[in-house]
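Chemist: Here are the chains, one letter per residue:
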Amino acid sequence: MLQVRDGAGETLGVLFDRYQAPLFNFYSKMTGDRALSEDLVQEVFLRILKYRQSYRPGTPFRAWIYQVARNARIDHFRKFPPQTALESEMLPPVIPTDSAQEQQEVELLQRALGQLPEEKREILLLCRFQELKYEEIAALLGCELNTVRTRIHRALQDLRKAFHQLAQGTMLKKDEAAGSIPPQGGRHEV
Amino acid sequence: MKCEHIAELLPDYLQGRLSREQDQNVEAHLEQCADCSEEVVIWRELSLLPVDQPGPESRARFEAMLQAYQEGRSNQPADDSHPRKLASAWNWNVLHWLRSPVGAMAWSAALLAIGVFAGLRLAAPKPPSPDLAAMQSELTSMKQLVVLSMLQQQSASARLEGVTWSTREQQLDPQVLSALLHTLRHDASVDVRLAALDALSRHGRQPQVHKGIMDSLQQDQSPLVQVALIDLMLEWRDHDAAHRLQELEQTPNLNPTVRQRVEWARSKLN
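Heads up: the protein sequence lines correspond to chains A and B, in order.
Taken in order, the first sequence gives residues 1 to 190; the numbers are from this note's numbering.
Taken in order, the second sequence gives residues 1 to 270; the numbers are from this note's numbering.
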């Protein structure tokens with residue numbers, strides 16, 4: 001990053017290769033919108049170019065790039081408030097796993113994550129997917145380390161509740177579907 | 001141990017940051033408490049969520065953005081007497097030079113010169129000399145050339161950047177205005193069209209821009225852009241705007257959000 005800061009534009013390519021996928025995954029899970037996520041990733045690297053002088057040597061680059069990424073998303077939604085809530089239809093398909101039940105659970109979990117309020121979804125993504133340390137998240141969100149711990153725990157509690165509700169809803173639907181099947185041959189009886 | 005105590009330890013437990021003794025305490029609680037142990041399961045299952053990957057064209061877009069940015073910078077005129085050095089702003093040597101004693105002296109001299117120049121101008125406000133006016137007009141037209149070239153880039157980010165550049169100028173050439181209008185009507189990216197509308201709204205008093213924006217209300221298919229256009233027309237509050245909004249409202253198959261917005265805007269206008 002120091003090379004980028006001091007002017008080597010080519011070095012940015014190395015950073016792009018390293019960070020574009022995690023950043024895309026972060027945006028995609030935050031917004032559920034692939035096209036927007038790709039635009040935001042490009043915006044992050046444009047901002048790195050523009051504001052590279054504000055990077056202070058010695059500070060962790062990972063925390064800095066997530067700061068830029070977070071601001072890019074906030075600015076985008078300030079300018080263009082989201083028209084729709086994160087819908088499960090917009091989320092990428094879940095790759096089939098070993099068992100059907102596990103696959104269904106992962107799908108429900110993905111939908112439950114999409115239902116969380118933005119700040120709760122964000123903190124879970126930052127620590128679970130972006131693997132930021134709690135100290136880095138505290139610096140990023142501008143809060144105390146203990147606040148980060150509390151927020152993670154609350155987010156996880158809410159995720160568990162949302163997951164449960166969805167799981168119950170799915171079971172109810174299944175029951176209804178099973179109940180609505182007419183007895184065999186019943187409709188064709190004359 | 002109760003759930004409240006576990007709540008304090010759980011985040012650190014999940015990251016394996018607890019002492020052995022604390023770890024054992026948490027695990028003893030997890031064996032008895034279904035809710036807390038389910039949270040741990042959910043945390044672990046989060047790692048099973050698919051990792052979303054960007055499309056293959058992402059790298060090409062980045063290259064185009066980098067190139068546009070570098071071209072934009074090297075074309076960027078600057079009010080400095082060392083254009084060669086500024087053109088290679090990437091060059092680390094410039095910073096070195098500025099930090100050296102000779103550089104520092106030159107820098108101080110330049111600052112002093114700027115100070116004296118500014119002082120003279122402030123003390124005796126005179127019409128700008130023809131040379132200075134010519135230079136300023138040249139700078140403006142160069143910036144506008146950059147905008148024009150950026151609006152034609154492949155990458156949406158570069159075009160967006162072009163639109164942003166255009167907002168730095170108070171006055172825009174008719175050519176730049178018509179390029180922005182073209183962007184508003186035909187750009188593939190909704191973001192770019194929205195930014196173009198934002199940039200154009202500053203020049204809404206010019207008849208060419210006014211008419212262009214009005215015309216795009218019927219043409220644009222994106223609800224986001226349509227809503228932004230409706231809001232702008234509400235701001236203008238002129239007769240033509242009211243008429244155009246009425247026309248839009250009568251369009252069949254209008255997006256419900258847009259219909260709601262246009263009804264709201266018309267109620268405000270009446």
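In short, the hints are calculated from the structure, not lab data.
One thing to keep in mind: the hints can contain errors.
To be verified - Derived DSSO-like pairs (lysine-lysine); straight-line CA-CA distance at most 27 Å: (1) 120/A / 133/A; (2) 79/A / 2/B; (3) 161/A / 2/B.
Said to hold, decoys possible - Each pair of labels, with its calculated beta carbon distance range: (4) 178/B / 104/A: 27 to 35 Å; (5) 170/A / 208/B: 39 to 47 Å; (6) 222/B / 101/A: 24 to 32 Å; (7) 219/B / 79/A: 43 to 51 Å; (8) 167/A / 28/B: 21 to 29 Å; (9) 119/B / 56/A: 31 to 39 Å; (10) 167/A / 198/B: 41 to 49 Å; (11) 253/B / 21/A: 37 to 45 Å; (12) 44/B / 146/A: 34 to 42 Å; (13) 101/A / 178/B: 46 to 54 Å; (14) 145/A / 221/B: 31 to 39 Å; (15) 21/A / 219/B: 35 to 43 Å.
Only a predicted model underlies this, so the values are computations on that prediction, with no experimental measurement involved.
Every residue, glycine too, gets a C-beta built ideally from N, C-alpha and C.
Chemist: Against this structure, judge whether each hint is valid.
Modeler: Checked hints:
{"no.": "1", "hint": "120/A / 133/A", "in the structure": "holds (16 Å)"}
{"no.": "2", "hint": "79/A / 2/B", "in the structure": "violated (45 Å)"}
{"no.": "3", "hint": "161/A / 2/B", "in the structure": "holds (19 Å)"}
{"no.": "4", "hint": "178/B / 104/A: 27 to 35 Å", "in the structure": "violated (55 Å)"}
{"no.": "5", "hint": "170/A / 208/B: 39 to 47 Å", "in the structure": "violated (57 Å)"}
{"no.": "6", "hint": "222/B / 101/A: 24 to 32 Å", "in the structure": "violated (41 Å)"}
{"no.": "7", "hint": "219/B / 79/A: 43 to 51 Å", "in the structure": "violated (22 Å)"}
{"no.": "8", "hint": "167/A / 28/B: 21 to 29 Å", "in the structure": "holds (27 Å)"}
{"no.": "9", "hint": "119/B / 56/A: 31 to 39 Å", "in the structure": "holds (35 Å)"}
{"no.": "10", "hint": "167/A / 198/B: 41 to 49 Å", "in the structure": "holds (44 Å)"}
{"no.": "11", "hint": "253/B / 21/A: 37 to 45 Å", "in the structure": "holds (39 Å)"}
{"no.": "12", "hint": "44/B / 146/A: 34 to 42 Å", "in the structure": "violated (24 Å)"}
{"no.": "13", "hint": "101/A / 178/B: 46 to 54 Å", "in the structure": "violated (60 Å)"}
{"no.": "14", "hint": "145/A / 221/B: 31 to 39 Å", "in the structure": "violated (49 Å)"}
{"no.": "15", "hint": "21/A / 219/B: 35 to 43 Å", "in the structure": "holds (37 Å)"}
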